[in-house]
Every structure is written in structure tokens, then in C-alpha cells.
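Visitor: Go ahead and model the full structure; you've got the sequences and the hints to work with.
Protein chains in written order, with the numbering used here: chain A, 1 to 467; chain B, 1001 to 1246; chain C, 2001 to 2737; chain D, 3001 to 3180.
Just so you know, these hints were derived from the structure itself, not from any lab. Since we're looking at a predicted model, the values are computed, not measured. For every residue, glycine included, the Cβ atom is placed at its ideal position computed from N, Cα and C. Honestly, I wouldn't trust all of these hints.
To be verified - With a cut-off of at most 20 Å between alpha-carbon atoms, the simulated SDA-like pairs for lysine to any residue come out as follows:
1) A/141 with B/1114
2) D/3163 with A/341
3) C/2721 with B/1052
4) C/2731 with A/341
5) C/2731 with B/1070
6) A/141 with B/1156
7) A/141 with D/3027
8) A/141 with B/1112
9) C/2721 with B/1050
10) C/2556 with C/2321
11) C/2321 with B/1112
12) D/3180 with C/2066
13) C/2731 with B/1112
14) D/3114 with A/151
15) B/1076 with C/2556
16) B/1076 with C/2267
17) B/1240 with C/2243
As the list claims (entries may be wrong) - Per the computed footprint, the stretches of chain A lying under chain C, defined by three or more beta-carbons under 8 Å from a beta-carbon of chain C, are:
18) 325-339
19) 400-410
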Amino acid sequence: MSEAPADRPLEFEERVLLAKRTDAEINQAVLQPMLRTSPRFWVLVGLLGAIVAWGLYAWSYLVTWGIGTTGKNRPVYWTLFITTFVFWVGISHAGTMISAVLRLLKADWRRPITRGAEAMTAFALMMAGLYPLIHLGRVWKFYWMIPYPNNRFMWPNFQSPLMWDLVAIFTYLIGSTLYLYLALIPDMAMARDHTDGWRYRLYRVLGLGWRGTQGEWHKLHRALGIFSVVIIPVFLSVHSIVSWDFAVTIQPRWHSTIFAPYFVVGAIYSGLAALATILVIVRSGMRLQEFLRAEHFNALGRLVMIAGMAWTYFWFAGFLVEWYGNEPVTRELIQQEVAGSLAPLFYLQMAANLLPIALLALRRVRTTPGLLLASTLLVNVGMYTERLLIVIGSLQRNYLPFNWGTYRPTWVELSIVAMTFAGFALLYTLFSRIVPYVPVWEMKEGRLRYSLRRIGRLLVPTAAEIE
Amino acid sequence: MAKVAKPSAESAATGTSRRWAMVVDLDRCTGCQACVVACHAENNIPIVGEEQAGYGRWMHWIIIQRYWEGEYPNVKARFMPVMCQQCTQAPCEPVCPVFATYHSPEGLNAQIYNRCIGTRYCGNACPYKVRTFNWFRPEFPEPLPEQLNPDVSVRSRGIIEKCTFCVQRIRRAELDAAATGLTLADGEIQPACVQTCPPSALFFGDLNDPDSRVSQLARSHRSFRLLEDLGTGPAVIYLKGGETNV
Amino acid sequence: MAHRVSRRGFLKIAAGASVVAGLSPTVRRVALEPFVRPPEEELPGRATWYASTCRQCPAGCGVIVRVINGRARKIEGNPSHPLNRGKLCARGQAGLQVLYNPDRLQNAVRQTGGRGSRRFEPVQWAEATDQLASALKGVGGKARVGFLGGSVPTHLRLLVTRFLEALGSPGPVLFDLHSVLEGGAEAHALADRWFGSADKPIYDIGHAEVIFSFGANFLETWLSPVSQSYDYGTMRQGQSGGRGFLVQFEPRLSMTAASADQWIPVPPGTEGLVALGLGRIIVEENLGRVGSHREHAQLYRDVSVGAVAEASGLSVDRLQKLARAFADADRSVALPGGYLSGFTNASQSMDAVMALNVIMRRLGREGGVFLPHTIPAEAFINPDLPSPFRDFEKLIQKMRDGQVDVLMVHGANPVYELPRWAGFADALTNVPLVVSFSPFINETAAQADLILPDHTYLEGWGFEVCSPGGDRPVVSSQQPAVRPLYDTRSTADVLLKLASSLGGAVSQALPWPDEVAYLEEASAQLLGSSIGVFDARTPAGFWSRWRQLGGWWSTKPIRQEPVARGLPQGPLQVPAASFAGQPNLFPFTLLPYESIALSDGRGADQHWLQETPDPMTTACWNTWVELNPATAAQLGVTDDDIVRVVSTHNALEAPVVVFPGIRPDVVAIPTGQGHQDYGRFAAGRGSNVMDLIAPVVEREAAVLAWGGTRVRVEAVHRSTKLARLESLDGKGRETLR
Amino acid sequence: MSGAGRRRASIRLMLPLALAGGAVLVVAAILLSQRTAESAPAQPIAFSHRTHAEAEIQCLFCHPNALRSDVAGMPSVERCAGCHRTIATTRRRIQTVLGYWERGEPIPWQPINKMADFVFFSHQPHLAAGVGCETCHGDVGKMNAARQVVNMDMGWCLNCHLKQPETAVARLTDCLACHK
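Guide: Written as C-alpha cells, this is what we have:
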């Protein structure tokens, strides 16, 4: 169907969109790793499942005995749960960033990695959504927060940032899940046509009877176009609102106007880094070297680097105001971080957030999967530490020194945190075996734009009219 | 309803004329802890034990903070009883997602225990850190449940609690006054801490009544409020301690 | 009637209940419990208040108990009681936990596995009293019965004294650590020496302008802390003009010292010397507006201000300033506190302090020194002073020599309160029958053969003659607020039963059928008194008012002016206190101080009190060692590090509290913990500082010199987490500036 | 199967699923918010309110505390015996009552209207405000065995409190009016 002249070097887009491979080959290359489950895969699933099971036990222990089984105390009322909640919400920002923003920007290199990113958003949000439940201790009381007409004549308090959180995260979760699913429909149909047995039955249902008519494609593109636009304000609002959980209080260090953009940028930074981490791992785990190429990592690495620079700017802007303002409590907190008990965390945060920016400036680092993995992992360590410092570090100090406190995590908290990391990995692993990890139709569609067609004696690059 | 800074205006808007307030005369306070135990007895406050208390999980609704000044031998210790300040602009109130804490028409920061779902957001928002949380199910070995005050809920685990200005006493006194047709005089309603305070360092009454004892004391040149610059408008008014030099 | 019984109409104090309706113990929905016969004054769901007397310390504050559906729910100060005027301290507030303590004895028990085995089996009351009666009958010599009391209520003390008298035995010996630490016996001896009075002097703190307190922690545990705290509040802000000037002389910044305007950390045992120096300056410079000091000159003949300055570490200039401050005030008073009683120079020190009041003519003046007015009825005259330590030692000696056949213990716990060298525990083994009346298994009860648990004070009857009683004569009455929870029995009733079964002189001496009959008769003696706050036409009416009001007192303040019997003949002298332990081996002086919550240890079984933070350290639930920051640095320890405190006789380990308000050469440890028994909240917690006390006993003055022990402190390189309210990171600051 | 057929099949499958899910939610919401009134609990003696009401005995004769206290109170055995020592003494039920009286035992009546632990409720002000017993307890005089007739939940309380004069509503709908 399409062929490239041997003498012409492939363009960037052609390379990342596998211009030389046929559609059938691509179908096979995507479906093959899904259908192949090695013992290693099952060992991984078993291990993750065991961690999740242990975490569920820890959660049930917490529910049985009370929040006292965690290391919280007065005044450190929020700890690892909220920290990890913020972390997961942050991670969830990558998917939308890649799919919606880059889709609107028509960056074609995004195509093979969109599904991975969208799945990450959905699963990270699911993990994040667990924390408000866990955090309550008496999880069955959660429904008090849901607004519904009741015979107590009581509504929730929409003044509370937690209610905003509830609305924003719920909206984002629904939106991003639909977004993920919409883009999945043609591939489900493709998978349906290439599989049998239970997979066939599953894909038949999920494929919603997709036939690939012009009308269907048109509607899909319309829907995706609308979603891409609509989800961006949600995407910006979610982490802004999460930041307002902190910023609306008068707790020293939380009470800051820069928190919303700072949190959003931080979310993008950690989210993109997490995406890069995952892509490196999935690539080697599923042997997708052909789809996920150095070019992708190069582009992604650049994005991470830019997000990191933005984060650094916002961090510095916040820090400068705090430092210059010289408010006694804030000064005490800065003191704590720079030279006190929080110093190890603080320097870890700074090193782990700043060092990758420098590393990622090097093309070699961006394009070498191992090095990229190391730097993006570092980013996520750094961003987790940053949130630890914001949530726990700040709460340990307040206006009245008599009321200061210290916090030690317990096994219950650590197990539950581990549970969500393992749970995320487990969902992601299973997802990658059930759903084509690389969006085949997007690839094909992209390839259309750069495929060469013979018109008479000429080879003419054609751009698809759709899009 | 918009909140207004002045207690009187606020109460006028809600149709009642009271703004409950407490005055703490630091010059009288000796730090003796009588109020602390009285509060435990009145309000069914659980005891958490050594380990939990050591980890900052004690449940006192009123604590006497002790501050050191100077160094030996010119060292001074000062006491400061700190309980819920019943702020006019309470930072704890807007953050509660379920209205478990809200502003009552008489200016109290009410805490409705059975509505609390335990987000502990109010605890973070409170700059005085006077809210305590039931980390575990409170234990009252038999027959200690007999001592519980039936006018106050026994809180379960997972619930934030705090000083209420002994609202059960206010409610009881008002009901009794209505039943007997008498009016309540200033000083007749006393929270447990005020009632027991041996050196009479605590006073309780209506700040909107210009002749009440608390109003008179609040006008003292010694009066100040805790963390006043935060703009929370506490209803607890402190009177500075002094020092006599001879 | 002039008095106000109620806080307005609705705090109705019931006239008392001889039988309070018993309801099954449920908290919730108890209001739905149906009665067989509804009690007259009980309205289900509504509170009834009963007036009674607090027995958490010997002060005798009036309380009112809120009773709902037959259960006591809250204790408050009795607003009409002239001593505490509606106020109550932390211990008073915690009284419910004595009643509802989960580890109370629920019936009479016999120890079956031998003393100290702690294996008890229930025994019928009749059987138990029979055993005691036959033991008393079988006693060889008349003087072979011993009664050891702690802080026994006055009515029981009177009954016991009659009982023992009729038996031909010596009177009860009273020993409790609280009295020792507050210097109870020494205060009586002081009043006796100077004024020939059997009562402790009253210091009019409320009206004083200048108070010099020599080791008197009058806001914490000394004498009548609630009454004194009330007066302190008045002294600070209740008077027109000035807020009073309080100076505290003691080596540790106690809570009282924290409330003082000046804290002067003089070396332990030199407080009296400082008083002497101040007196010398006043007399020498003829300070004050009280006329000539010529007659006092000989009192201070031997005092050298320079020597005082050297011994106390205060400059002569400072002493002069203090002397002027004391003398120039119109109303100044000097308090000889309990800490002075802990040294071998106790009586001389206390004399030196009292002399300041005498030379400034502060006797019987407003803001000065008074004596309580006696109760105008024979039944309420205190039969004897608290026993000096000498009497207790004699009892121990008799026990050791096998001269005591039956020992009855009520309210005392010397096995816990005294160090082993005192020999009480060993001497007990030579007593054939030891009977305890304790409602709890404490350390002493664990060594008893028979425990006949008394009611706790909210279930029992009695009265307390308040001494000191504030500004007027006060008898505080005690009545049951609730029906006894368990099968316990009033010790007074047990004695009356014993008396009737013993017959003869004993039953004639104690003719009453039961405790209530005795109390009714005693109260009726006040019928018709012209000064009483109430009167009645019949004894029954009087008895009813007595219970309703919570006692009897005079309408107006009546105080007695102390008349000095003439000044001491010789010049005043305060010898140096002697200490156990070589200063080079034991460089620190040990200061055991009474915990404001746990008192001498009797509050340790109440978890409200266990979790009550110590006012100065904010620590709770444990024992700790207070060290000056310099001392701690020198030892290389800091907060929460465990140290070993070693005296010549014993050692203990406890975590450190770095305490800015203590002399570098003094180590302070609170009392109250280190119980072996005494219920789940007390047992096995912390250490008992009294174990460290060395046997410094001044024979002549009969003083247990509990302040005269030297110790050394060793770091053990371990640490723990002491429970405290305060954040150590906050460094005791109020705000950050 | 044609594409359209497949699509119809998926819709056929998903529509009932969605409907079923919605139905479960609705039912759960109804069940959670609506407790049905309870039936009469078993009592130690088959006491008939109707008989007593027909004898024109006022509620407050046996439950007099309602006027003065938080609780209406259960009549004491003494009160039962006060009449029944002379009235209908031969009946077996009455003899059971008298048996309790003679043994000095309280009759273990089972409570019918239970108030949650976190609610402060007092009969006294309600009676003072002219709220009749039957407003909350139903027409007990027509029942043999008394049973709960209204679900005493918050909405039910508020329904009445909201209908009060405007000046009182703010006070009566304040959470602290009833929550403790």
C-alpha cells in the first residue's frame, strides 16, 4: 500500500509512526504481546496481588480499630494518605496532558503513547479516589458527603474544599475514563476481529458494534475533539482544587496564593515523569521497542524537562515570598527544612527534582531508556517528598509552639500506601494484556498522513483529510 | 447569611441577642489543672493512656500551656489556659464538608458529633489546635460508665471533639428558665471549668450585654485575644498577667 | 433565712437521702427504668444534688454531687460552703473515680495464700467481724491493739479514739505521706509553741499585700489549697489598688512559685535562715510602721546578716530589699511551709518564719495570721493532734517487739509511703492479725489478713472539722450521694458492731446503734448555737438542714486572734540542716515534691488524675527527674533520657525533664507513682521517690527529714518517651517572634 | 452477525445492566433513608393502653414526669398497685402485677420509643408548648399494645420545628437545639 523510496531518509513522524510497516503487521505486533503471557508475567501479577491483599488487610485493620492505628496525632491530622492522594492526583495529569493537549496541538508523535497515558490517568485517579475513603477511618460514613435529597434536610457544605475535591475528582475520573474508552472503541473492534473465546466475547461487548463506517469515524472524532477541549479545564481545576484544600486554611506554609499553579505544574512534572517511567518499563516488558522509540523518549524527556523548569520557577517564587516575608512560623519551617529535622527530606526533594532537569537536557539521557528511567524515577521521588514536606512538614509546626508535634508512620499507613502503588501497577499490567497498549487506529490514522501514494509516476505524501 | 465581624451585628442578624464569651484572667490563673479535670468529668472526655498521651493524642478540651521565660535563676513560668476560642470568623467552620461544625446563632462553634465523618480538616484549619480526635474507641472500664454525663454524647471513634462552652449547661439552664418563667441572670450559666476554678480566673457570660461581667472585663486595658492578628475574632478574652516589683 | 442554699431556683440541693433509690447500672435510657416505689426527691431524668464533703485530701471542702437516676455524675464545689466557696481542685473533681473505680473491692475478703500473696477470697461480713471481735477479745494485754490511720475523717477518728480508750489501748496513730509532706504535725507543733493552740494557724492570703512564702506550696497541696487559691485570686485581682507581692523561697520553681512575683531559689534547708536574716535586718534598721523593734532585738542577737547571705547565696543588698518590702507593707504575712518540715532544723526554721509575723505584729490583723475559732460543741473538738513521726516509730517498734496482737489500718498506706528502712513492712510480720479497712487493695492492704472495705466517701456518712477552716468555724458534713455500689460497710458501723459484741466498757463507750445515730446526736449538739448559719427547733429538723447544707458554720467570719505566749526566751537560731550522704559522692539534694494530681500517691488509681498534666512539666502517667539545664548538660543527658538516681539507701531510674526552674545542685522528683498494687491505673507505673529517702530522723523534734537526702545522678544511656502535653521542639515559647 | 446486530446485542446487554444498577441504587437510597416504624415489642405483661384510656385515665396520671422532666417515666409498680389492689384483682394479669409489687421487683417494661444517644430531647418544653402526647406517640388510647407510630427521625422533628412562629424557628432549627 505505501512504500518509501529507499533513497529518502524517513521523517521524524514517519519513523515514530512506523511508516514502513503494513497495517496487518501492526495489528499483529500490538496484539501479540497481549496474548502472550509468560510465567514472569504471572509472577509479577502474583506479587502485586499479594501486596494489594496485604494492603487490604491493613485497611480492614484500620477500619476495625480506628484511625489511631496510623501514626497521625494532634496536630498532624493529615499524613501519608493525603500525601499519596495528592501524588496520585498529580500522576493522573499526564494522560490528559499527552492526549488532550497534544491532540489539540496536533503533535503526531504522541499517537503510540496516548493509550498508556490515558490508562495511567484513570488508574491513578482510582488510586487517588481511595484515599478520601481510607482517610475517614469510618469509611461507611462517606456517603454523608454525597449531595442527595434526604429526610434530614441536610446538604453537604459546598463551602468546603473537600466538596470541591469530590466534585472535581469525580468529574475528572468520569471524563478521563470516558475519554480512554472512546478512543478504545475502534481498537476493541479490531481486537474482536482478531481473537476468539472469552476475549472475543469481551471485545464484542466493549466494541459496541463498531464497524468503522464513515459516520462512526466522524462521530468518534467529533467526540474526541470535544472531550479534548472540555477536559482541559477539568484537568487544570483538579489540581488547583487539591491545592486549595491546603491553601484556604491559615496553616502556615499552606496559606499561599501560588499554590494552584504550583500544584498543577508539579502534577504535570510528576505525571509526565511517571509516564516516561512506565513507558520504559512497558516497552521492555511487552517488547514494544518498535512502537515506543527513542524519538518518543526524546520528546517526552524534553517535556519533562520543561515541566521541571516550570516547577522550579514556581517553587522558587513561593519560597522567595516565604523567605522574604520572614513570618516567624514560616521562618521556623524553613529553618527546619534547611537545617533542622526535615533537612534530609528537603535536600532529597531539591536534588531529586532539580538533578533530572539537568540530566534530561542531555539527548543521550533522554534517548537511553535506562538513564531516562533513572531520572524520571528521581523526579517522582522528588515530587513525593515535596508533598510530604507540604502536608506533614507544615502540620508539624503552627503558631503556638506548645502545640507542635512530630509524626511517625505506622505499618498500616505504609502498607496502604504500598497497596495503591501495587494496585496501580496491577491494574496497569492487567490492562496491558486486555487492551491494545498501542492505539492501533491512531497509529494507522497518523500513518495515513505521512504515507506516500503513487499518483502516476510520482510518489506524493498524502495527508489525511480527517482531523 | 453573610458573616460580620462584630458579634453584636452577627447575633442581631440571627435574631438572638447573645454572644457567649469567656474571660481568662491570667493574673489569677495558677495553673492548677482543676478546670482540666472538671472538663473531663462534665464532658465525658475519654482517657487515652500513657502511650497515646505521649504521642500527642490526649483529649483534653482545655489545656494549660506553660511558657518559660528567661534562664535560671531569673526564670519565670507563665500559664495560659487554652480551650476552643469559639471564633467569630472560625477557620474550622467553612472547611467541614458536612456541616458537623458550624456557627450557632449565639456565636458558638458548634460541633455535632454524630454528623462528623472524621476528615479532620477542621483540626488542620484551627490555628489554636484545640480540636481533638477520637483515634480509637474510647474505653470506660466498668463501672466507670456510671460517671458519664447523660446530657453529653459519648463520642465514638473517628470523631473530632472540642470545647463547647458546656453548651449542655446553657441549654439546660435556658429550658429551666423557660419552665420556671424566670430570666437568667449574668453569671448563672457556668461551664464546668468556670464553675470549679479555685482562684476564679475564668468568667463566662454574654458579651452582647454591656453590663455583664465578661463585657466589663473585656473592656479592661489588660485584655487581649490569642493570635489576634489572624483575624479569627475569638470569644475567649485573656487578661494579661502582671508582675509586682518592689 | 439569710443564706443562699441554691444557685437560683433550679440547683436544688436535696435534703439528703438515707436510702437513695438504687437502679440497675446502665448509662443509657436509664430514665426508663421503672421504680417499684419512686423515691421522694428523685425525678427520673432530672439531676438531684446532694451536699457532702470531699475526702480526697484532709482539707474538707464542701461538695455537691449531681445525681441522676441514682448515679453520681459530677462533683462540684458547694457554693455555700465557706471554705471552698463553690470551687474545687483537680483531685476533688476526680472524686467520682474513687466511687466508680473498676478495681474496688466489692466485698470483705480474707487473704488466703499468706500475706502479700494477693490471693483473696470473699468472706461474709458477719464472719469477718466475728473474727475481728474474737481476736480483740483474745488479746492478752489491753494495750496490744493498734490502730493506724491515714487521713481519717474526724467523726471516725473520734469514734476510734473512744473505742481504743474503752479497750484500754493507746489512741490511734496517724500517718500519711500527705501530712508529712505538708508538715501537718509541725504546723500543729508551731501553733502550740507560739500560741498554745491545738489548731493550725490560718494565713489570711486574700487580704495580704505582701506574702513571703517559705516553701509553702499553698496553691498546690499545702493545707487547704482550694481555699488558699481562692484567696490568691482575691489577692491578685480582687482588691482595689495593687495586685499583691508574692515571694517564694524554695529551691524548685513550684507551681506556687510560678505564680509568685519573685522566686528565690535558696539552698535546701536555709529557708529558715533567710527568714532569720530578714528579721534581723528589720529589727536592726527598725523597718516598718509598727513602732519600736527594741523588744525583738534579743531574738536576733545571734544572727549575722553576712552569714545568712553567705549560706543562702543572696546578697546582703537583696536581703535588705526583701526586708524592706516585707516591713514597709501594711499587710504582710510570712508562711512557714511544708517544705521546711522536711529538714532536721524544721522547728527552728518554722519559728524563724513565724517570728517575722510576730515582729511585724501581724497576729490577728487583716492579711495576717489567725487561729480558727473552735466549734461551739464538745462533739467537734479535735481529740488530738496529728501524730508526730515519733508516735509512728513507737508503734513500729511495738509491732516489731511482738507487742501488738491486732493492727487495724484505715486510710494509711505506709508500706508504699515509707522506705523500707522504716521497718513497717518487716514489723507487720510480727503482728498476728492485720485488718485493713481500705476499699482498694493497696500495698498495705496486700499485707493484711482481712480486708473489710469501707465505703468510698460518696457512699458514706461522716463529718470533717475543717482545720484550717478558712475565716470561720466549719464542720463539713458527709452523706451518701448514692447507695453503696458494692457490699462494703462503713468502718464506723463495723466498730459500733464490734463494740456491741465486745460488750462491757466498750459498748458503753459506743452506745450508738449505727453511724447515723451517732452523727445525728453529734450534730444536735450544735442546735441552738447563736452563731450558726442555720438553726432548727428539733434535732430532726437540724439534722435535715445539716445534710442539706453540707455542714454547719457560722454566719459571719469569726476568727481567733492568736496571742503569742510571750516571745521565746532565747535568741532564735536556725542550725544548718543535716543531710545523708557525702557531698562528694552524692552531689545533689533530693527534693521529693507532692504531685498536684496524684497527691502522695492516693490519686494514682484515678485515671483522670493520671492523665492530668503536671502544671510545670506538663508530664503525666509517669515519674520523672527534674534537672537544671546546666546539670543535665554536665551529665550529658537531655529530656527523656533515663537516669539513675542513687541515694545512700536505694536507687531508681526515671526519665529526665530538663527544668529551667531548679537549682543546679537539686534534683526534684514528684511523688505518687511507683505503686505495686492499687489497681490497674496505678500498679507498675513509674517509681516511688520515697524509696530513696535516707533515714534522717531528728529525734527531738520527731521529724522525718524527707528533704535531707543527698543523691547522685548517673546517665544510663537509654531513653524513653515521657508523656507530656508540651512539644519539646517548642522550647516552652508562647509564640514565635 | 451483522455489525448492526452486534451493536444491538451490546445495547441489549448494557441497557438492562444500567437499569438494574440504577434500580439497586434507588432501592438502597430508599431503604437507607426510610426506616419503617417498628412493631410493638413483647412486654412482660400484656398491658392494654386502650382499657386504661377507656376508663378515662389521663396519660399524665401514669406518666407524670413528662410535665417536669426530660422523660415521661414509666409508672412505678406502686402506682399500678395503687389502683389494682382493689380493681380487677382476680384477673391473672393483674395478679402478675401484684406479684411484682409483693416481691418488690420493678416490672421490666420494654421501651417503645427510643431516642438516639446523640439527641437531646425533653418532654417538658414540648408539653409546655402545647404539643399533645398523641402528636408523637399516636393514639395510644386506641391501641392494646403500645407501638411506635412515627419514625422519630430528624426530618420528622424538623417538619414540626419549621412550622413554628418565625421568631422561634432559628432557635428551634439550630443543630444544638437537639444535638448533644
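Visitor: Each hint should be assessed against the structure and marked as holding or not.
Guide: Results of checking the hints against the structure:
1. A/141 with B/1114: OK: residue 141 of chain A and residue 1114 of chain B at ~10 Å, within 20 Å.
2. D/3163 with A/341: Outside the cut-off at roughly 59 Å; violated.
3. C/2721 with B/1052: Answer holds: residue 2721 of chain C to residue 1052 of chain B is near 11 Å, not above 20 Å.
4. C/2731 with A/341: 15 Å, holds
5. C/2731 with B/1070: It holds: about 12 Å lies between the C-alpha atoms, which stays within 20 Å.
6. A/141 with B/1156: Between residue 141 of chain A and residue 1156 of chain B the Cα gap is close to 13 Å, so the pair holds against 20 Å.
7. A/141 with D/3027: 19 Å, holds
8. A/141 with B/1112: 14 Å, holds
9. C/2721 with B/1050: 9 Å, holds
10. C/2556 with C/2321: Outside the cut-off at roughly 38 Å; violated.
11. C/2321 with B/1112: 57 Å, violated
12. D/3180 with C/2066: At roughly 19 Å apart (the allowed maximum being 20 Å), residue 2066 of chain C and residue 3180 of chain D satisfy the hint.
13. C/2731 with B/1112: 35 Å, violated
14. D/3114 with A/151: Roughly 18 Å separates the two Cα atoms, so the pair holds.
15. B/1076 with C/2556: It is violated: about 39 Å lies between the C-alpha atoms, which goes past 20 Å.
16. B/1076 with C/2267: Satisfied, since the Cα-Cα distance of roughly 19 Å is no more than 20 Å.
17. B/1240 with C/2243: 13 Å, holds
18. 325-339: Three-residue rule met by the stretch 325-339 of chain A, so holds; n is 4.
19. 400-410: It holds: at least three residues are needed, and the stretch 400-410 of chain A offers 7 whose Cβ sits within less than 8 Å of chain C.
The structure fails hints 2, 10, 11, 13, 15 (numbered hints given earlier, in ascending order).
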